[in-house]
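**Q** These are the residues of each chain, in order.
There are 2 protein chains.
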Amino acid sequence: MTSLKKVLTLKEVSPMAHRLTGLKTDLLIARAEELRKEIKQGVKKPFKEVIEVHSGDGQAMGTKPVTFIRQVMAACFYPELLQSDRLPRDVKFRAQELLQQCGGSVGVYSDTFGLEYVQHNVARFIEERDGGVPCDPQNIYLTAGSQKAGQLLLNLLVHTSGCGSGPCGTGVLVPVPCSPWFSLALQEAGGVRLPYFLADQGVCWELDVQELQRVVQSARGHCTPSVLYINNPGNPTGHVQSRQSIEEVIRFAASEGLYLLVDEVYQDSVFGQGRAFLSYKKVLYEMGPEFSSRVELAAIHSASKGVAGECGSRCGFIEFVNLDPQVKSLSASYFSANSLPPTSGQLVLVTALHSPRAGEPSYYTWTQESQSHLSSLSRNAALVVESLDRIPGIRVLSPQGGFFCFPRIHIPPLVVQEAETQGLSPDLFYCLRFLEEWGVAVGPGSDFGAREGSHHIRLNLLLPHDKLKSVLESLEKFHLQFTEEFS
Amino acid sequence: MTSLKKVLTLKEVSPMAHRLTGLKTDLLIARAEELRKEIKQGVKKPFKEVIEVHSGDGQAMGTKPVTFIRQVMAACFYPELLQSDRLPRDVKFRAQELLQQCGGSVGVYSDTFGLEYVQHNVARFIEERDGGVPCDPQNIYLTAGSQKAGQLLLNLLVHTSGCGSGPCGTGVLVPVPCSPWFSLALQEAGGVRLPYFLADQGVCWELDVQELQRVVQSARGHCTPSVLYINNPGNPTGHVQSRQSIEEVIRFAASEGLYLLVDEVYQDSVFGQGRAFLSYKKVLYEMGPEFSSRVELAAIHSASKGVAGECGSRCGFIEFVNLDPQVKSLSASYFSANSLPPTSGQLVLVTALHSPRAGEPSYYTWTQESQSHLSSLSRNAALVVESLDRIPGIRVLSPQGGFFCFPRIHIPPLVVQEAETQGLSPDLFYCLRFLEEWGVAVGPGSDFGAREGSHHIRLNLLLPHDKLKSVLESLEKFHLQFTEEFS
Ligand SMILES: Cc1ncc(COP(=O)(O)O)c(C=O)c1O
Ligand SMILES: Cc1ncc(COP(=O)(O)O)c(C=O)c1O
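Listed in order, the protein sequences are those of chains A and B.
So in full-length UniProt numbering, spot 208 of the first sequence is number 208, and the numbers just go up one at a time.
So in full-length UniProt numbering, spot 154 of the second sequence is number 154, and the numbers just go up one at a time.
Hints are supplied without guarantee of correctness; some may be wrong.
In this list, chains with the same sequence are indistinguishable; a pair is considered to hold if it fits within one copy or across any two.
[As the list claims (entries may be wrong)] Under the rule of at most 20 Å between Cα atoms (straight-line distance), these lysine-lysine pairs were calculated in the PhoX-like manner:
| id | residue 1 | residue 2 |
| --- | --- | --- |
| 1 | Lys477 | Lys467 |
| 2 | Lys328 | Lys5 |
| 3 | Lys6 | Lys328 |
Because the hints were derived from the structure by calculation, they are not lab data.
Could you put together the complete structure from these sequences and hints?
**A** Structure below.
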């Protein structure tokens with residue numbers, strides 16, 4: 001054997017892997033897992049169980065899956081159940097329809113852009129949602145989750161990763177704060193990150209077009225600002241855009257020649273008083289052909305969120321608006337090789353998008369489950385705001401939609417120093433202490449980004465109400481102690 | 001509105017999308033789909049239905065899913081079924097175990113590398129398969145299918161895509177013929193493709209180490225040969241490597257310092273007389289520490305093939321052997337952001353890997369279904385060989401495993417000219433004519449690669465026996481007519 005050298009070493013691994021920074025949340029999750037194992041082994045702790053409040057995984061938080069979706073899927077996996085009288089009529093009917101549309105089995109590969117039936121029924125959902133604005137099924141691309149959808153889009157749109165931050169680099173406007181997966185995907189694609197700040201005061205993390213303007217202007221020369229990423233309703237902010245705000249953004253994108261990449265996965269979860277979800281597509285169409293015939297838009301959605309909350313199925317979709325036909329045909333191979341939506345996931349998604357109709361046997365249960373989704377988000381949001389408002393040094397903007405809120409935490413200067421000596425960010429230091437002492441894992445805000453010197457944590461609104469209550473009580477006690485210790 | 005220019009145009013789209021060439025099979029599939037629609041609309045055709053024989057999708061070919069897997073999945077999706085007496089005891093037991101391991105619901109996100117339980121049980125499967133060779137669950141990475149696994153690996157291993165085919169380009173040895181997805185993934189990653197030819201005569205597409213040697217030697221200077229991709233059992237060849245052949249390849253990889261990327265998705269489907277599947281991992285370990293402590297290997301497998309044939313679940317895994325610990329820790333973010341294995345798919349996979357035991361209620365059915373998988377592949381292989389051997393101008397090497405065979409077709413020189421004027425490859429011209437006249441879609445060989453001037457088609461061995469028989473009869477008639485027409 002002549003060669004002693006390894007092939008895959010730190011030096012030889014793709015530079016793309018080097019670009020990806022680890023998340024602080026991963027350290028927190030790892031520690032939560034260790035604590036859980038210690039408790040199992042009988043190690044004494046000041047708490048009985050570890051509670052995770054950082055993630056957006058509804059079912060992991062204890063939310064019950066939607067009965068109709070699960071019944072339909074059970075029958076699709078095991079069609080013998082169509083003979084059973086355990087399943088309601090409309091479930092059987094739906095399952096039969098789905099099976100017919102995938103050649104009789106959920107075990108087949110899907111077409112490149114998804115099953116034709118699923119494309120059609122996603123389009124039908126969008127038309128109904130948008131009050132009749134037309135949607136062509138050919139513009140619907142199914143993907144293995146909406147995160148994958150975002151990655152695929154970035155990899156198409158970032159065309160000059162080679163030149164780093166030179167004037168030819170593809171600039172992507174990214175909100176602060178923002179889901180970490182999007183920032184990672186952008187690092188991986190090699191685009192230039194152009195952070196725009198959401199308003200950390202006033203109503204709730206509003207988007208200010210002047211801020212977009214500032215970012216684009218100062219970016220020109222360093223890179224080519226090309227893509228504007230919007231997340232509405234917002235994670236982790238809980239913000240829901242008004243029609244006026246959306247119109248402003250569209251006008252801005254049009255005048256600056258920006259591609260709109262709109263992440264609308266929380267569209268079913270708007271609970272703020274007087275707020276309603278409006279899709280960018282709908283608003284764009286209602287602004288007339290001057291805009292609707294030209295502004296390029298890709299909107300993404302997912303089976304993971306909303307009432308369904310089926311994170312494990314990994315299915316989402318893109319709707320393209322004004323996609324260049326040549327790009328469409330060129331990129332077919334790219335999507336074919338990469339979108340790879342699971343067939344089972346597509347069936348979950350399309351079932352989630354079409355609820356049973358009034359009069360059908362599953363209508364009542366579905367309606368209840370869906371109302372309970374919204375009402376528990378809304379009750380939890382009220383509880384969080386009320387509880388945190390009581391705590392000196394914590395300030396939260398009242399969420400209007402989505403699964404999260406993003407309170408600002410005052411962290412004493414001594415902590416900032418101490419964290420630094422330990423090589424931790426102040427927010428991670430805070431979260432790890434809270435976890436260690438109270439067994440509660442909240443998300444360290446710096447994974448999401450923040451203004452210099454401001455610190456945050458992310459909390460989801462998905463826990464059962466009583467559990468959330470006790471988490472908030474723990475947070476209050478912890479925060480007071482912690483502040484005292486370091487003052 | 002100042003800007004009239006589109007953002008996402010052919011000029012602006014990522015160069016990666018430009019690199020990906022379309023597949024000829026896609027044209028064939030599109031035409032098959034059109035024909036199907038024409039028939040539905042009542043257009044008269046010389047055939048009653050369109051039969052596709054090109055794909056590797058067992059259930060789309062009519063294979064019945066494995067009862068045990070489907071029953072377990074139905075119960076995981078709808079746990080109320082655990083109360084029903086429609087499901088056997090061992091099914092319920094298994095489903096309960098799975099549910100426990102994913103926090104009670106298949107609707108949750110999975111951990112970065114997959115559910116811990118799934119990692120453990122994949123490792124247990126590998127140890128049993130390899131006669132006790134140890135497997136550390138920490139080396140098992142679950143992915144959204146084995147195609148995704150291969151893409152992820154290539155994107156890690158190809159570290160110098162920037163320099164094209166310069167001396168610093170990462171060279172990847174790829175068999176000819178080879179699954180098109182792998183060649184596409186390599187184009188996308190930007191590696192330098194180094195084709196090595198499998199032996200198109202003798203027993204069945206054997207791998208010759210001298211050929212590997214020739215390729216590596218002539219590549220040095222143009223690029224850095226770094227990765228050797230092996231597909232055993234082979235698609236589309238049907239070849240199954242012997243222990244001796246695997247040992248030779250491992251010795252070669254060791255002496256040349258190549259990373260072994262081994263695709264073993266057809267491991268459960270070996271039917272050739274005197275042939276058995278041996279994993280590279282097992283052979284490597286049995287060659288002793290001189291090799292087993294140093295040769296770097298990543299082996300991939302999938303729920304899509306074998307008895308399970310669950311293509312729609314999109315789940316596969318990588319086993320790493322001798323992965324550099326620094327690379328392992330660096331690449332955690334990369335895998336976390338990209339592998340995204342569906343939770344439901346992981347449950348399908350792990351169920352497929354662990355059959356019911358003797359004495360359990362589902363044992364008999366499983367055993368029957370599993371035997372019928374192998375015996376029908378074997379019967380179909382014999383039928384194909386016998387039928388094609390009769391046809392002058394067609395020659396097939398007898399497949400020993402996997403789902404395919406890859407007959408060589410003599411295409412008259414006149415056809416080659418005619419195809420050229422139409423802008424088609426000769427094999428696609430042949431396949432389209434066969435489809436048009438007989439309603440049968442076989443795979444155009446040039447998607448898989450071939451020696452200059454030799455033409456092939458790919459046939460799967462998955463059709464019901466009688467249907468395959470009539471397909472082969474059609475092929476005989478077509479081939480004779482076609483040859484006469486163009487002679
Ligand atoms: C804003 C946003 N977009 C996309 C996703 C990804 O969802 P998935 O990939 O499960 O569809 C998430 C996940 O939490 C999210 O918060
Ligand atoms: C050799 C080989 N590897 C991998 C795959 C991909 O399988 P999947 O992505 O469904 O796991 C295929 C599919 O046909 C194949 O033939």
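**Q** Under the constraints set out in the numbered hints, which ones does this structure not fulfil?
**A** none
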